[in-house]
Structure formats: structure tokens, C-alpha cells
Amino acid sequence: MTPRPEIGVPTPFGPALAAVYAGTLARARAARAPLLFVASLQSIGLIVLMRFIVPTNAQPEHAQLVAGAVILVVAFVALNLLAQRIGALKARGALDYYAALPVPPAAVVLGLTCGYATFTLPGTLITAIVGVAIYDLPFAHAWVLVPAVVLAGAALAGLGAVIGLLMPRPEIATMAGQLGMTAVLMLDLWRAARLPDALRVVRAAVPSTFAVDALSAALTDDPDFAVVGRNLAVSAVIAVVSLMAANAAWRRALRT
Amino acid sequence: MASDDGQANAFAVDRLTRRYGDVVANNEISLTVGRGEIFGLLGPNGAGKSTLVRQLVGLLRPDSGSVRVFGRDLAAERGLAARATAYLAQEEPALDDMDVTTAVELTGRLRGAPKAQARQAATLLLEEVGLGELAKRTVGKLSGGQRRLVGVATALVGDRPILVLDEPTTGLDPVARRAVWSAIEKRRASGTTIVLVTHNVLEAETVLDRVAVLEAGRVIACDSPGRLKAELSADVRLDIVWRGDPPLDDAAVAELAARSVQIGRRWSARLPVDLARETLGRLTAGPAFEAIDDFSLAPPSLEDVYLALGGSADDLERA
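Protein chains in written order, with the working numbering: chain A, 1 to 256; chain B, 1 to 319.
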């Protein structure tokens, strides 16, 4: 009988994260294109519809609408679909698969959330292009789209994971995910100044709001980069807190 | 028990107890699994087999008692079980969305193999279990048996020193089942320890070195299949299948009716050798012979052992 190594070593964080991320992206390959584009239909529909409703000479409103619609795509996939997906995985006992492997829990959560944040990219790009074209917005500072989508993606995916992991039943996780998406739809598409005071507080509590406001400021003729920078910085903090919460929820869900 | 496990045993389980509410799923279970052994857990549904293995792989914490793996306390080291074992659950829904190769490759990478090495291992394993032609298919769209084989391949990838397999051959056709048994045997030959949950008596007799028989959360027997059967060696099993209604007015038939388990037209009785021979003689010589469709006289199987120990045969598989 050949002697053999007994107990292996833990898989390091980086390779584990890369593997989970690749596995999550493989899901998109299996599901083909719909997962990537269905999310943008609702946002593009809103952009077109609102063209007939908002005044034509209100660039800040237009920029806010387009920025909100872009991040709504992120909310659809990273918050709503991920909450559904993780709720379903948990209900079917699929978390055991990861729990029985020698990987850091944070790598699994981050791999799943980053995967879902990535799914949002094609939809956000299409929505941004359509929105900018329809409202004739300046595209010069559109690079803000990248950090805004990444940070909103991380924040909303983290929240989506928390919902999926902590809700007692997958139906409730689905409903909570949809409520979260509705909050983005109701509050992030309009400038804070347009809302009553009470709703402004609620708006500030939506994890994607600061990313939307950063993008919205960047889509105007003369962006105030202090505002953009401040909003992105707050978004980054929210993203980190959200991912940490997802990690804590994951550890809690595995504890049996 | 804890004192002598040292480095000798892959698992040393000591008075392990786990409850779900009022139900005691595992009741003071103690057993050892030697290195390089194929150790089986046999019992009907609900006997506590899965609860036990989920504690062996660290997915479930015991209410009391301990599990030591290669002499180290599972509860004292976070992640120890995941590093020492590969676990195949009864279902593996986490992989349903991926293609077959990716599922196995991903698992290999999560056990620490570099990407290229994991892919190569996945390809070889899929050939070994007969899934080579399905490598690009989505796991969730395969048949139940094919999905089971994917699960077996994910358990084998990464070459862990201990494999804990919860019903690896359920739903498999005989050819696939043989492929899995042969893969298990090959791993054992290279020093791997295997813990196998089964309710298939043929599997238990064919592949296991030792078997623990579980019933209602307790181990009711633990030994090699051969030795367990030897305890019943004075008895044989007489099976009769009737063409239609058995002729109960025949004295030999009436006597057998009183001593047999009857499932439809199939009667099965465990009898001392002499009595079995005599009964069969009377049946085949008399008028009852016309009503017999098939009969057999066989040495006791593990199923007989199991029944003799007080187990219920309802959900044991025999094929």
C-alpha cells in the first residue's frame, strides 16, 4: 500500500475565489443570453416611457433617470436574482457542497456576488447607451459608469446574498429581493430634491443611491467631481459593509 | 476508545449523539473506521445513517460525543473535516447549472488543484465513471443516475485520504454501479479510506470490508459481512414463488405459511438446513409442486442478518 498524504491544506483565498467566480459565470453560459439582457428590458422601457413625461429641458432630471435606470439593471440581477438564487440553493441544501470543501467562506460569498455583479455588465452598458442617446446627455465622463456599477453591484449583491441566506423560506427571499428592487425603482430614479423629507431618509438608506447619484452627476454637461468622488467613496464603504454582512450571513447559515 | 485510535484509525467515533427536536437521530454511536478500509453503514431510511456521516464530514455538530479523524478531534480544528474528507451528499444541487466537466473541475479547484490540473483530472475521472460522452452537457438536464455519477466524480477529484459517500449508487443501472464499485476499489488499493452509506445489501456484501448496521439511531451490529453472516450459518433461506394461490390445504404448504414472510406470491423463510431440505422435498414431491413457479435455497445473506437483528426489510435494495 502506497503511503499517502493524510490531511490536505486549506485552499487559499485567491484560487478559491477565482474558482467560485468561474463556476458562477459558467451558470450564465448554461442559461445563455437571457440572464444577461432580460434585466435591461424594464430599464429601457422606463427610459423610453419617461421621455414623454419629464420636461425636455431638465438635464439633471434626465441624468438622474438614466443613472437610476442603469443601476436598476444591477438591482434586478445582483439583488433580486441573487437573493432568489441563494434562497433556492439554501432550501435545497446546496450550501453543504461548499461547506464540505476546504475553502474560506468569504471566498465563496465573494465569488457568487462578483459573478452576479458581472452578469449585470452587458445590461447596464446597453441601458446607458440607450439612455444617453434618447436624452442627448454628454458621454464624456461615462467612465464613472464603471466604478458606479461595480460598487452598486457589490453593495446590492451583498444585500441579495444576505436576504437569500437569512430568510427562512425561498419564497420570502424572493419577495424581499423584489421589494429591494422596487425601492431602487421608486427612489433612485428621481433626484433627492424632488422627494419629501421622509422619503429622502429612506432613499439614503437604499444601498445603491450614492452610486446612482455619482453616475447622475457625471452625465451632466459640467459635472461636480467633488460630488462624484464623495458619492463613490460612500458607495465603496457601503459595498464593503454589505459584503461583510454577506460573509457573516454565510457563516451563520452554515452553522448547524 | 479514544485512547487507542492514535494514528491507526481514519475515524474514531465515540458515543456520538444527535437529536432533531424529540427525535434521537444518533444515539450514543461508537465505532472506528480503519485506514484503507471500505466501511459501510447499512440500514433503512431514517435509521440515522446520513446524520452520522454529516457529523463525520463536519456539516453537523454532535449534541454530545466526539469524532476523531486520524486521531485529531474534529470539533477542535475548524475546517479539519473539509481538508481530510471528500463528501458526496445524497443530492448535489449546487452543480445543476454547470456542464459536467466544469462541475468536476470546479470541485477539484476548490480542493486546491491548479486549473489545468483540475481540468485534466476531471476529464480522466469522467472517462473512468463512463461519463466521457456527456462532458459538455448541463448537469441539471441529465438523468438521475447520470447526475449521481457526476457526484461520484466530484467526490473522487482532488484525491482526498477519506471518501464519505452517501448512497453513491442509488439510481444507477448495473453497469454504472459496477463502474462506481470498481472506482472505489481502485481508491482503496492506493490507501484511501472509504465510508459508504448504503441500503443495498448486494453492495454491502460485494464491496465492504466491514459494515455497521444501523436501526433507529443505534448500531445494532458491526463486523465484516462474512462474520455477520457466519453468526447465522446454521440457517438457510428458502424462497418460493407461487403460480397462483398457494394450496394451503397441503400440510407442507400450511407449515411453511406459518414460518415465512409473504410478499404477494413470493414467500421467504429462514430455516435450519435440515428442515429447509425436508420442506423443499415435501413440496416438490407432493401436489403443491404443480403450483410452484420458482424456488431457491440459499445461504444467508446480509439481508437475513439484518432481519434477524430486528431490522425491517421494507426499503432495502437487493439488486
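Source of the hints: derived by calculation from the structure; they are not laboratory data.
One or more of the hints may lead you astray.
Unchecked claim - Only pairs whose alpha carbons sit at most 30 angstroms apart, straight line, appear in this in silico DSSO-like list of lysine-lysine:
1. A:LYS90 <-> B:LYS115
2. B:LYS229 <-> B:LYS186
3. B:LYS186 <-> B:LYS136
4. B:LYS141 <-> B:LYS115
5. B:LYS186 <-> B:LYS115
6. A:LYS90 <-> B:LYS186
7. A:LYS90 <-> B:LYS229
8. B:LYS136 <-> B:LYS115
These figures come from a predicted structure and were not determined experimentally.
Hints and how they fare:
no., hint, verdict
1, A:LYS90 <-> B:LYS115, "holds (27 angstroms)"
2, B:LYS229 <-> B:LYS186, "holds (26 angstroms)"
3, B:LYS186 <-> B:LYS136, "holds (26 angstroms)"
4, B:LYS141 <-> B:LYS115, "holds (25 angstroms)"
5, B:LYS186 <-> B:LYS115, "holds (25 angstroms)"
6, A:LYS90 <-> B:LYS186, "violated (34 angstroms)"
7, A:LYS90 <-> B:LYS229, "violated (42 angstroms)"
8, B:LYS136 <-> B:LYS115, "holds (17 angstroms)"
Violated hints for the displayed structure, listed by number in ascending order: 6 and 7.
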